[in-house]
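Just so you know, the protein sequences line up as chains S and A, in that order. Residues 1 to 543 (our numbering) make up the first sequence, in order. Residues 544 to 738 (our numbering) make up the second sequence, in order.
Just so you know, the hints here were simulated from the structure itself, not pulled from any lab data. Beta carbons are placed, not taken as given, at the ideal position from N, Cα and C, and that holds for glycine. One should not assume that every hint holds.
Rough simulated footprint, nothing fancy, chain S against chain A, three-plus residues with beta-carbon under 8 angstroms [what the hints assert, rightly or not]: (1) 642-655; (2) 675-684.
In silico contact screen, one side only, chain A against chain S (beta carbon under 10 angstroms); selected entries [said to hold, decoys possible]: (3) GLN658; (4) THR659; (5) PRO660; (6) GLY662; (7) PRO687; (8) GLU689; (9) ALA691; (10) VAL693; (11) ALA698; (12) GLY701; (13) SER702; (14) VAL703; (15) LEU704; (16) LEU705.
If you want the building blocks of each chain, they are given just below.
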Amino acid sequence: MMPAMEIAAGVGRFDLHGLTPGMIITGFGLLVLLLEIFHRGRGGRAYLGGIAVFGLVLGGMWAYLLWNQRFSWSLFRMMAYQDGFGQAFTAIVVMAAILTCLLATDYLPRHQSDRGEFYALILFAVTGMILVAVAADLVTLFLGIETMSLAVYVLAGFFRHSRHSAEASLKYLILGALSTAIMLYGIALLYGVTKTTHLASIGQLFQESPAICRFNAEGFAVGLQPLPLIGMVMILVSMGFKIALVPFHMWAPDVYDGSPTPAAGFMATAVKVAGFAGLLRLLMIAFVGWPARISSTGWVPILFVLALVTIILGNAAAIVQNKLKRMLAYSSIAHAGYLLLPLIAAGYAGHQAFNGAVPYYLVAYTLATLGAFGVLGYLEKQDQALTYDDLDGLGKRHPWVAASMTIFMISAAGIPPTAGFFAKFLAFKAVIDAAGIGQFGGVYLVVLAALGILASVAGVYYYLRVVVHMYMREQHQQGPSFLLGRAAAVAIALCAFGSVALGILPNRLATLSYISTIEMADTPEGPEAIVPAGMARTTGGGD
Amino acid sequence: MQVQVIGAIVFWALAILTVAGAALVAFSRNIVHSAFGLLAAFFGVAGLFVFLSADFVGMVQLLVYVGGVVVLFLFAVMLTGRIEQVEISNLSRGPLPALAVLIGTVAVLAVVAFQTPWGPSGDMAAEPTTAAIGNALLSQYLLPFEIASVLLVAALIGSVLLASRRKEDELEDQATAEATDQPGDPPAAGPGGEP
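Only chain S is shown next, with the shape it has when bound in the complex (with noise of 0.2 angstroms):
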């Protein structure tokens, strides 16, 4: 790119190519923004949606093109890598965002809050989410985290008109920082500790150095020393609570319900995909150790009560739900529950257990959830949350909204022709084989998966509930007489298309997420260590 900047600082041109992605998205953000200043006349904004989408898509581009080089090297002097793993969660990430704008050129119109700062403000949190699934050190995890925090926060505040609105964004704000708090908090405890903040690093002590690991008689590590356990733990809360687990997650219900609704569904999409990079990267680069059993004070058995809890909670609290809005933000909660059961695998059998599952199960996750989010938000009326009863009769009213929200709750649901169901497989059978493969107590890993199989059976209820309404209830109330925006009308179809085509053949994306899942840098059992920055090396798979 430009040979120059080598020079300067110690920025080699490597390092600029590893965050193009991200520079790219960055400067679009700030382009819609000076855009915006210039907007004049009543005309509508939703060119500036298209410039954000444009942006986006060159985005989502560029890291498939990194990811095809299947290089890795380390950016900034070990402050973020380029890899496979990354550059797969930025095209998550990204493709959440393009469907998210593509959605609010039709929302934002209808409900008085038509201004550019939305793009722009969309695109620095996907600018935080890039760097957050990039990170190679805490101080870049942490700033990544805080960059996408700060912006969904406004997004949540953005109907200046609507109390309701402010409320979601000022306690999205208060609890956000809390737990900032508590993440720095344990930052601070294992930088102590620690003396470094590099992940990596962290990684090679969590394995051998006595200050944190306690050693049993015959030099095997038996657990973690309370100060680098505290630590972990509080990290551990605050990622919870960016993805919504479920002692930390009683934000997410009141956030959703109160803010726009293509908003709720990055937040509930993108915001959780990003939580999910980090919280792998730190789990299999920082935290690793021993193989984790279930008895030991590492953070399996952590991991092991949170994913219990979230899964039979977050189901058993949406099948009471009678607000659309709320319901979609318990299953969430729940899909969050079950997105942590590959990291339990690979926790507790080490890297045989990974099966692509986490990457494959986001990209269904997202499709299904932004879509009903994109249905709601054309059904939905002036400040008054959509209930099951406002569904009714859908079916003859709008054929084709009803059949797309029909292919997102079945997908959600898990149940076969769709991209769910072979996301559930993938979760469940990662824990299954895990079980085969660990030495200790498999048998709580079966009963971990066979309850969590039986938790989201329990969850068809409240997803076929919706198809329920849609079709065989009679219609007693008006629906929206307007058609539905170009714009949403295709982020809707693609989410459907996506939805059913992913379930179809799900070979090719599983296939890419398991080698993204492998191509994590630094990874002890993956590729080797890094090398000095500016210095490409191939990786050439872990297995």
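Following the hints, position chain A against chain S.
Positioned in the frame of chain S, the structure of chain A alone reads:
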């Protein structure tokens, strides 16, 4: 020996100042007193930084928090009418659960603090850190430094967006002025409170 005694006295004085200031923030019923308590707490923290030979961070703490944030708070408090008559400003709700959480947290942290073999800090010469921080920011930590600018842009845009009102909004408000309970602008969730 003498040095250690003096060091201990300085440390405890600063620690008491910080904690007492923080307690005043939390327990005072008068919001102006709370703001002054915050001032004391920030002063104490700045002193602790200097005491740890982190001169640059100590000065930044003074300039930004004592000189900027607290003064801003005071302005906001003084310029907001009738803020002192608001009765519910600082009442504690649900003291029992809060006490349980507090005791649990303190117990866990105390166990951790007593079980950890704290190593000696070593003799660190008190040398100026500003140049080292500057070098680190533009070499090792260049990427975080640049990300921070994106973060600040997002924060600025967000706070302006939430706090400002445009002509179109006011026209709309006049048109829909029938709802009297609509807040003019909700407590602008500006990101200023972010640590």
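Next on the checklist: Can you tell me if the stretch 642-655 of chain A counts as covered by chain S, using C-beta to C-beta distances under 8 angstroms and a minimum of three residues?
Outcome noted: holds (count 4)
Satisfaction of the A/GLN658 interface hint, Cβ to chain S closer than 10 angstroms: 5 angstroms, holds
query = With a cut-off of 10 angstroms, does the beta carbon of A/VAL693 approach a beta carbon of chain S closely enough for the hint to hold?
reply = Since the shortest Cβ distance to chain S is 6 angstroms, the answer is holds.
Are at least 3 residues of the stretch 675-684 of chain A within less than 8 angstroms of chain S when you compare beta carbons? n = 4 at 8 angstroms, threshold three: holds.
- Query: Does the nearest C-beta of chain S fall within a distance shorter than 10 angstroms of the C-beta of A/PRO660?
  - Reply: This hint holds: A/PRO660 lies near chain S, its Cβ roughly 8 angstroms from the closest one there, short of 10 angstroms.
Note to self: Hint A/VAL703 vs chain S: min CB-CB distance below 10 angstroms?
What the structure shows: For A/VAL703, the interface hint holds, since the closest Cβ of chain S sits about 9 angstroms away, which is under 10 angstroms.
Worksheet item: Can A/ALA698 be said to touch chain S, with a Cβ gap under 10 angstroms?
Response: 5 angstroms, holds
Given hint A/SER702 near chain S, where the shortest CB pair must fall under 10 angstroms: 8 angstroms, holds
Checklist line | chain S contact restraint for A/GLY701 - C-beta distance below 10 angstroms | finding: 3 angstroms, holds
Q) Regarding the hint that A/ALA691 lies at the interface with chain S, is the smallest CB-CB distance below 10 angstroms? A) Holds. Min distance 6 angstroms.
Restraint: A/LEU704 near chain S, CB-CB cut 10 angstroms. Satisfied or not? 5 angstroms, holds
_Quick check on A/PRO687 please, does its C-beta sit within 10 angstroms of some C-beta on chain S?_
5 angstroms, holds
Figure legend: structure checked against the earlier numbered hints; every hint is met.
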